[in-house]
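The listed protein sequences derive, respectively, from chains A and B.
Heads up: the first sequence begins at 1 in the working numbering, then just goes up one per residue.
Heads up: the second sequence begins at 1 in the working numbering, then just goes up one per residue.
No farther apart than 20 Å at their CA atoms in a straight line, the calculated lysine to any residue pairs in the SDA-like style are these: (1) K265(A) / Q187(A); (2) K501(A) / V551(A); (3) K529(A) / D84(B); (4) K194(A) / F205(A); (5) K574(A) / L352(B); (6) K81(A) / R137(A); (7) K318(B) / K385(B); (8) K557(A) / D375(B); (9) K385(B) / R125(B); (10) K555(A) / D320(B); (11) K81(A) / P132(A); (12) K577(A) / L352(B); (13) K574(A) / S357(B); (14) K577(A) / K362(B); (15) K570(A) / D375(B); (16) K351(A) / R10(A).
Bear in mind the hints are in silico, worked out from the structure with no lab data behind them.
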Amino acid sequence: MAANRLRHDRTQILNYLWELQDEKGYISDSDVRRLSGELNFSVVEVEGILSFYHFFHRKPTGKFIIYLNDSMVSEVKGFKKVKEAFEKETGAKFGGVDPTGTFSLFETSCIGLSDQEPAALINFEPFTNLNPKKVKRIIEVLRNGGELEDIKDEVVDHTYSLTDDPVLLRPYKIGAALKKMLKLSPQAVIDIVKASGLSGMGGAFFPTGVKWQFCRRNESFQKYVICNADEGEPGTFKDRVLMNQYPGRMIEGMIIGGYAVGASKGIIYLRAEYRYLKAKLEETLEKFRDIGLLGENVLGKDGFDFDIRIQIGAGAYICGEETALIESLEGERGGPRTKVYFPVEKGLFNKPTIVNNVETFSAVASILELGAENFNSRGTQGSKGTKLLSISGHCKKPGVYEIEWGTKIKDVLKACGARDANYIQVSGPSGLPIRGSEDERTICTEDLLCGGSFMIFDSKTDVLDILTNFSNFFINESCGLCTPCRAGNFLVGEKLSRIRKGLEQEKVLDEIASWSKIIQEASRCGLGKTSTKFLMESIEKFPEVFKEKLVKDKKEKEFNVTEATERYLKYTEKINKS
Amino acid sequence: MMNELIKLKIDGREIEAIEGRPLVDVARENGINIPTLCHFKDIYPPLATCRICTCNINGRIDTACTTLVRDGMEVDVNSPEIADIRKAIVEMLFAEGNHNCPGCSKSGNCDLQHRGYEMGLSISRFPHLFKERPRDFGPERIYMEHNRCVLCKRCIELIKTDDGKNVFSFQNRGHQALVGIDYELEKQLSDEKVLEARDVCPVGAILVKDKSGAAPFGGRKFDLDKSLKYVPTTDLKVELPKDRKPVIATTSLAGCFGCHMSILDIDDELIDIIELVEFNKSPLTDIKKFSKRCDIGIIEGGVANNENAEVLKAFREKCDILVGLGECSIWGGLPAMRNTVDLEDCLEEAYLHSVTSEPGAKIIPRSQDIPQLFDKVYSTNDIVKIDYFIPGCPPNADHIWKVIKTVLLGEQIPIAYQEFKYD
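Sequences and hints are given; from them, build the entire structure.
Written out as structure tokens, the structure reads:
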């Protein structure tokens with residue numbers, strides 16, 4: 001219990017808040033006041049930090065907090081029915097708690113289980129492939145005092161390799177990569193990473209070796225290695241699979257990073273949606289420590305100290321942006337920084353820091369094992385090596401697929417058993433949509449980049465449903481710091497709903513395209529800059545779905561007088577009758 | 001250290017500057033104004049929240065406040081595309097908040113309003129959201145008007161207690177974000193610090209109870225600035241008949257007739273107008289129905305009910321050019337203050353629970369003879385296409401007169417900064 005010791009380390013605020021949240025299901029006024037006193041900063045600032053993250057609650061919740069994923073993949077897999085079932089069985093409404101105080105229901109952004117949707121987290125334990133019957137059973141058990149432990153689902157990882165000799169989905173032998181590292185100087189490690197042509201797998205594709213070189217060059221007695229395990233892009237779950245299947249490989253990648261740039265501290269920023277992976281990661285870290293792969297003088301290398309801690313996030317897509325993640329680690333609201341300094345110059349606590357994704361660190365470990373040449377000889381001119389795709393939606397075999405860069409869309413579709421692919425969202429809502437018929441296109445820098453999410457929707461799926469879902473995602477996940485992303489995305493969302501109501505003319509498409517471009521150009525960080533790409537592209541790619549809803553251009557505006565007077569007429573009738 | 005003299009180009013002009021200084025400052029020192037809102041001299045790294053100083057820098061779109069000048073840098077500040085991005089951001093802020101200039105004590109001293117005037121902004125391309133926002137009277141001396149907050153972050157960065165604690169902090173996320181104030185810590189601030197909080201706020205979101213915000217006292221900062229000459233307005237091109245007097249119709253929808261009063265304020269020159277034009281349907285002539293097709297229709301007021309909508313549609317049908325006169329016509333204006341409140345609550349308050357309603361009143365008036373209220377007050381532009389807007393509450397008489405002259409004489413007459421107003 002927290003009260004026994006003083007909570008004075010600001011950088012631990014997420015952990016303090018988690019303790020309070022877990023203890024009684026919410027954070028009370030007196031908790032906030034006490035924490036503010038102990039940390040010696042203002043109440044309003046504590047409120048500001050906790051209200052930034054959607055897994056912290058300020059009102060009492062039920063004994064079981066249920067977070068149902070509302071991503072588009074969930075939607076096509078039966079989200080609506082499952083949602084209704086939860087409401088019916090628990091007696092609670094979404095956003096609230098049932099009268100007995102047993103169940104709280106919330107919708108949440110993608111929880112990284114797109115291969116087994118609809119899925120929910122109940123007190124952060126996974127429940128997958130849900131249907132009304134299953135919901136009924138779960139709620140019955142929990143209501144009758146059953147243990148969550150006993151009924152939670154085992155997360156199943158389906159992995160497939162479309163390359164004969166996989167880089168990432170290969171058997172893992174503890175310490176193999178580190179042994180190679182031992183024989184190399186830090187600069188030689190960076191040279192290998194550079195020579196491999198590896199670029200950041202989180203979706204920004206910045207050359208990893210170059211990033212590490214910058215960080216190495218910046219002298220400092222303290223540097224940091226951060227593993228970005230805040231995999232929040234809807235539709236992606238490859239990092240979940242990597243951490244679940246090969247946690248050691250990622251950790252070795254981090255150790256190699258620390259050795260290369262001269263850092264002694266590593267942090268895994270793990271999204272709260274993956275809390276169920278924490279035990280396994282801790283176990284692996286402990287094992288590493290036991291056999292001298294972490295701690296002082298790693299592998300007997302004199303003077304190379306390196307250890308890793310895990311930080312659990314608290315629900316915020318924006319914290320996947322590296323500077324927002326750093327802010328979050330420093331105990332601030334997870335808003336992105338201005339790009340006056342890069343993390344390799346002034347990162348965590350203003351010290352040189354490398355932030356890389358789970359997949360990138362894992363790839364580094366494999367590259368050291370296999371050699372730069374092996375990795376570099378795969379892929380295309382612009383994209384070297386292999387890539388993990390998280391494939392979900394309308395296909396027979398959803399799962400994680402390792403492909404060589406340059407693989408054709410049609411080969412991917414064939415492998416996963418997608419028959420009627422109509423709308424494919426490549427790289428998640430922040431990426432680009434393609435038509436199923438564009439299957440000759442290739443996944444690589446030269447054509448279609450993909451950070452990992454690959455969502456397939458068939459011709460029965462209403463494209464406007466998809467667009468609305470993505471638009472809502474960005475509206476909910478914008479941090480709110482800058483005008484174009486905060487206000488712009490909301491305004492575009494309103495426009496979309498007017499289109500769906502048949503209240504817009506054809507020329508609205510030019511309007512949306514122009515607004516989208518402004519949001520893209522003027523936003524502060526990657527979230528805003530990519531938040532309207534899907535919309536601009538789908539106007540080009542799927543004009544027919546808009547045409548159906550739009551009225552021909554004319555001088556008159558579309559205005560629905562009946563709708564505008566409806567509330568007045570209804571209400572006066574109700575009042576005057578009574 | 002970076003203190004070398006370098007050369008860069010801003011809008012084609014070669015400029016010498018010390019390397020590594022913020023672009024926005026370098027431009028300003030050289031007489032090139034890159035508009036800003038969140039930017040504040042004492043804050044580094046810059047806040048970069050408003051994004052209004054967006055420019056094209058070496059082919060990339062970025063903010064001038066976060067950009068440090070380098071040798072050979074080429075900056076485009078005023079090309080139409082870039083100017084439009086900046087204008088769009090100001091329009092977004094107006095659409096997002098509830099900026100009721102006639103009712104704001106910061107009017108005339110407000111940076112956001114000033115940005116709007118500078119850009120000749122009369123209507124936002126974005127629909128006003130009318131989200132209900134809190135008004136926080138809780139603190140001892142400060143009054144927080146969240147309707148006007150632009151979330152620039154200045155107060156959060158600058159106003160701290162003596163021991164360095166934040167008095168302000170963002171709360172929530174995304175479009176629900178707002179700036180919270182710590183009541184306890186506000187009590188600890190000195191009176192000077194409280195006034196400083198008000199003064200660093202670029203809009204009228206932080207006010208101090210019982211203290212006027214006008215600076216200089218009794219005057220309006222931007223009105224007194226002699227360097228501000230003309231407002232860039234959109235061109236108004238109208239083909240008028242040469243063989244007869246142009247015909248004008250006017251009406252007032254949901255408004256106060258103040259804009260018509262402002263027409264009367266044209267004074268002597270009204271006699272000239274009457275010589276030059278013919279009035280048809282208008283409260284000025286008391287002609288109730290269109291008797292012929294009109295060249296120009298002038299609309300005051302917003303659209304609050306079905307009758308307003310019908311009148312407006314008739315105007316669109318009968319007139320070649322429609323001019324929206326005043327803030328109500330542009331975005332709903334004062335009547336649109338009800339837009340942040342549920343219609344049901346408005347009706348109850350007006351007819352059932354108000355101090356003047358009959359005790360035990362149970363009826364909300366409704367009959368075929370009275371107009372049916374809309375769920376909210378709409379802009380005239382929501383119902384029909386409006387060709388030109390004259391802002392103001394009411395619009396300045398000189399502004400109206402200049403627009404009329406522009407139409408009648410067929411040449412653009414520039415609008416002075418002091419004539420272009422939202423209040």
